[in-house]
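Keeping their order, the protein sequence lines are chains C and F.
Residue numbering for the first sequence is 1 to 150, as defined by this note's numbering.
Residue numbering for the second sequence is 1 to 495, as defined by this note's numbering.
Rather than coming from a laboratory, the hints here were simulated on the basis of the structure.
Values in this document were obtained by computation on a predicted structure and should not be read as measured data.
Note that CB positions come from ideal geometry on N, CA and C, so glycine has one too.
Don't take every hint at face value.
Label pairs and their computed distance ranges (CB to CB) [what the hints assert, rightly or not]:
#1 Val-466/F - Val-133/C: 52 to 62 Å
#2 Leu-472/F - Ala-145/C: 51 to 61 Å
#3 Asp-56/F - Ala-122/C: 31 to 41 Å
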Amino acid sequence: MLKPLDKREATLGALAIALGVAVVVVARGFPGGSIYDALGPRLLPYIVGAGLALSGLSILIGAFRRANEYEALDLAPVLWIVAALIIPVTLIRVIGWIPVAALVFALGARAFGSRRVWLDLALGLAFGAITFVLFNYGLGLNLPAGSWIR
Amino acid sequence: MDTLAALAQGFAVALTPAHLLWAAIGVTLGTAVGMLPGIGPSTTVALLLPATFGLDPASAFIMFGGIYYGAQYGGSTAAILLNTPGEAGAMMTAIDGNAMARAGRAGPALATAAIGSFIAGTVATLGLTFLAPWLAEVALLLGPSEYATLMVLALTTVSALFGASVARGLLSLFLGLLLGTVGLDPQLGQPRFAFGVMELLDGIDTVIVAVALFAVGETMHVAARFRFAVETMHAMSGSLWMSAADWARSWKPWLRGTAIGFPIGALPAGGSEVPTVLSYVTEKRLSKHPQEFGKGAIEGVAGPEAANNASAAGALAPLLALGLPTSATAAMMLAGFQQFGIRPGPLLFDSKPEFVWGLIASLYIGNVMLLILNLPLIGIWVHVLRIPRPWLFGGILCFSVLGAYTLNTNTVDVAILLLIGLAGFGMRMMNVPVVPCLLGLILGPMLELQIRKAMMISLGDPAVFVTRPVSLLFLLLALAFLAAPVLFRYRRRRP
Chain C
1 MLKPLDKREA TLGALAIALG VAVVVVARGF PGGSIYDALG PRLLPYIVGA
51 GLALSGLSIL IGAFRRANEY EALDLAPVLW IVAALIIPVT LIRVIGWIPV
101 AALVFALGAR AFGSRRVWLD LALGLAFGAI TFVLFNYGLG LNLPAGSWIR
Chain F
1 MDTLAALAQG FAVALTPAHL LWAAIGVTLG TAVGMLPGIG PSTTVALLLP
51 ATFGLDPASA FIMFGGIYYG AQYGGSTAAI LLNTPGEAGA MMTAIDGNAM
101 ARAGRAGPAL ATAAIGSFIA GTVATLGLTF LAPWLAEVAL LLGPSEYATL
151 MVLALTTVSA LFGASVARGL LSLFLGLLLG TVGLDPQLGQ PRFAFGVMEL
201 LDGIDTVIVA VALFAVGETM HVAARFRFAV ETMHAMSGSL WMSAADWARS
251 WKPWLRGTAI GFPIGALPAG GSEVPTVLSY VTEKRLSKHP QEFGKGAIEG
301 VAGPEAANNA SAAGALAPLL ALGLPTSATA AMMLAGFQQF GIRPGPLLFD
351 SKPEFVWGLI ASLYIGNVML LILNLPLIGI WVHVLRIPRP WLFGGILCFS
401 VLGAYTLNTN TVDVAILLLI GLAGFGMRMM NVPVVPCLLG LILGPMLELQ
451 IRKAMMISLG DPAVFVTRPV SLLFLLLALA FLAAPVLFRY RRRRP
C-alpha cells in the first residue's frame, strides 16, 4: 500500500504545519480584546494558524498517495538574481541608485546567460541615470545619489 | 436613464485631452506588458503606484484601467507569435493561435483576437455600466456579517479554483492572510508579528508583495527554466485580413466568449483563467470540426480572447461597487484606491460620480484605441517581442527594486522584496498558486475588521454568521466550492 514518498511534497506539507503551529504559539502571547471581542488581536492569527496547519496536513497526506513529476530546474541563475537583489539592500545608501541599477541590471542579465558584461553595465547605468532624473526631478521622489558624493 | 446621463457625464470627463493622454499611455503600456513574460498588468499597476502618488486619482485610474484592458490584448500577440502566453488569460489562445501561426495564418489569428477583444471589451463594458450601479445598491443592504462571509466566499473560490489542488490554494491564501496580519492590529493597535522591527509595524505593503510574488518570483522561475526552454518567433506572414470563412467562424465564439467571460469575471473566480478555459472547452464541444482544435482552429482563438477581455470588465464591477477584488490586477487597483484615500463600494457612486463614470467612459475609449494599436499597428509590437530576454529581465529587476525602494524610501522593503520573491519562486516550483496569497493579503485586514464588527454587534455571539440567512448562504456556497473538487475526484475513482 505504501507508495514512494514524494519528498518535496512532504517537505512543503511539513513546513506549512510548522508555520501554522508557530503562528498560533506566537499569537498566544497577544492580549485579548474586550468582552464582545474576546479573542481580539488573536482571532485572525488563530484562524490562519489552523488553516496553515490543516492545508499542510492535507498536502502531507497527499505526499504518501502519489509522487508528482517536477520540471527540471537550474538553480544557479536564481543565485545571480539573489545577488542582484542583495546589492541594493546593502549598497543603495552608500553608492547611490545609478551604480546600483547598473549592477542589478548586469547581474539580472547574467542570470539569463548574457556574457556581454560591459554592455549590460552600460545599459544599466543609462537606465539608472534616466530613472534618477525622472524620479527625482520629474516626480519629486527621492532616489539616493550615494553618500560617497558628499 | 439615470445611468446613461451619468455615463454621458463620464465621457465629458474622459474626453478631456489630459485624460485621453493617460488612457493612451495606459493602453500602450498595457499592451506591452501583456506581451512580455515576467511582467503583467498587476505588477505594472503595483510598480506605478508610488510614481502616481502626485497625480489626480482620475488620471491614475484611467491609466490603470487602460493597462488592465491593454494587457488582455497584448497577451494574445505573444501567445500567437511566440507560443509563450505573456499573461495567464492567454494560455488557451496559445494552443490554436500558435498552431495557426505555424501554418502561416498568424495574420487572421491576430485579427480575430483583436476584433474579438474589441467586441467583447465593448459589450462587457456596457454590462459593467449597468451592473455596477445596481450592484452598489444591493451592497448597501449588506451588514458586517454579510460582508465578512462574502469575503470568505470570494477568498475560498479563488483558492479552490486556482492551482493544482484545493490544499495548495488554501495554503497560499493563508500565507497571504498571515502577511496581512503583520503590523498593528486594526482595532486595538496591538503589534503583531513585527518582532521589534520598526518598519514592520506599518505592515507589509501590498505593492511589495505583488512585485515580489509576480515580478521577482516569476523572473527567478523563468531563469531556472531558461536553459531548458526554446523560444521560436513566427514571422508575421500572410495577410492580416480574415477571410469570409474566418468571419463566419469567429463571430459566434466572440459573443459566447463575452457571455462566459463577463459574469465569471464579476464572480470571485480569480481573473481570466477560468473563463478562457471554459470558453475554449465550449467552443470545442460546439464545433462541427472538433478535430481541428489544437491544430489551428480559429474558434479556439476567438472564444478565449473574447472571454478574457470580458472578464477584465466583469472584474471591475465588484471592485467598484463592493470594494471586492476578484483578480490580481483588481487587487492592485484596490491598493491604489487605498493610496488615494478613496473607498470603493456603494458610496463611491454617490460621493465621486465624476471619478467612477469618467473611469468607465474611458474604458470604452481605451477599447477603440486598443483596436487601432493592435490591428493596423501590430507590426510595431512585433519588435517589442524581440527584446533580448537578459535585458528584459534585467530591466524588470531594476524596476522592481525601484518600486520597492521608492515606496517608503527604505532598504527593509527591498529586503522583504527579496525574501517574498524567493517564497514566490518556491511556490511556483511547488505548484502553489500565488494569486490567492495576494488577495488574502489585501482582503485580510478588511475581513478581520468586518468579522470583529459583526461579533461586536451580536454581543460576542459567533452564531451571527449562520443565523443571518445571507451570511449562511455565502458560507454554504464557500463550503460547496471547497468540497466540490474532493467529491468529483471521489466519483471519478469509483465509476
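We went through each hint and held it up to the structure:
Range check, Val-466/F to Val-133/C: Cβ separation about 59 Å, and the 52 to 62 Å hint holds. Separation of Leu-472/F from Ala-145/C is about 60 Å and conforms to the stated range, judged on CB atoms against 51 to 61 Å. Judged by the Cβ atoms, the range 31 to 41 Å given for Asp-56/F and Ala-122/C holds: they are separated by roughly 37 Å.
Checked against the numbered hints above, the structure violates none of them.
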